[in-house]
Amino acid sequence: MHKLIRQVFSVFCLVMLGLLIWRVIGEVWTPLNWGMFAVASLSCLLVFVNFVYVFNYSYAICVVLSSALIWWAMPSVVAALMAGVGIAYGLRLFWFTWQRMHSESYAGKVKIINESSAAMPLPIKIAIWIQCTLLHTFHLMALYFVAAKGVLTPVIVLGIAVMFAGTLIEALADAQKQAVKAEQPDALVTGGLFSRWRHPNYTGEILLHLGLIIAGLAAVNNLPNMLALIVAPLYIIILMISEAQRADQLHAEKYGAQPGYENYRAQSGSLLPRF
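Residues in the sequence shown are numbered consecutively from 1, following my numbering.
Think of the hints as simulated: they come from the structure by calculation, not from any bench.
Keep in mind that a hint or two might mislead.
[As the list claims (entries may be wrong)] Ranges of calculated distance between the beta carbons of each label pair, as one might list FRET restraints:
{"#": "1", "residue 1": "TRP95", "residue 2": "PRO75", "range": "33 to 39 Å"}
{"#": "2", "residue 1": "GLY269", "residue 2": "GLN184", "range": "52 to 58 Å"}
{"#": "3", "residue 1": "ALA107", "residue 2": "LEU188", "range": "30 to 36 Å"}
{"#": "4", "residue 1": "ALA68", "residue 2": "ARG246", "range": "31 to 37 Å"}
{"#": "5", "residue 1": "ALA182", "residue 2": "LEU271", "range": "23 to 29 Å"}
{"#": "6", "residue 1": "VAL157", "residue 2": "GLY26", "range": "41 to 47 Å"}
Glycine residues also receive a C-beta, built at the ideal position from the N, C-alpha and C atoms.
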């Protein structure tokens, strides 16, 4: 599954590269889009410090800066609301990642990550930089189109509300999980949101990107723009579904023999809570 999702990412990156070339040739790639590209490419340079940073720190930085850039370039109430959620999401993610990377419970994984990054060949890091630059450039195209429209419609409000709900769920889930791991690094988290819901953090991420798609689709009226705003959020949704499945497999291997695990598995849903 992990190998398959990497192949899926490569396919999505080819689609995004094609969209970028098509939009540049068609003269619909604006100076603001180039600004988003610059933010993404510069943020993703962290891959050369540690390849994992491009998936967390670079991602968070790019969401914050691109949201602020779009809001500044096309100010309106709807841009403020949608960009505000994006900025809050990115700042929260950056802080959470910083805390986790410097926590004692995560020290073993950090050591493995650092060793893997040091051993990774430079051409692979360059490829990741290019791919993630494309992903982060197209990530907030929905916000770009919503801000360009500048009108707060009911469907756009719905999309922003879904984004906000996803941000809250992910923040609460991460906080609950981090609190348990600080005391018991090897424990399976089964309290709070996790009592009936094995991966609320992934669900929060999915909701954020589903909200992006909902709001973005309400702001465009042609297929090329729809594809441009959907492609990056759709990949991240697929990635989160894949990560939830992989986590379930890892948990079964690690905790399957523990008393109560099968009962917990039966009474909890993976990406949706089970009541």
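Results for each hint:
1. TRP95 with PRO75: 33 to 39 Å: Given a distance of about 26 Å, which is not inside 33 to 39 Å, the answer is violated.
2. GLY269 with GLN184: 52 to 58 Å: Taking Cβ atoms as reference, GLY269 and GLN184 lie about 23 Å apart, which means the hint is violated.
3. ALA107 with LEU188: 30 to 36 Å: violated, 19 Å
4. ALA68 with ARG246: 31 to 37 Å: holds, 33 Å
5. ALA182 with LEU271: 23 to 29 Å: For ALA182 and LEU271 the Cβ distance comes to about 25 Å; the hint holds.
6. VAL157 with GLY26: 41 to 47 Å: violated, 31 Å
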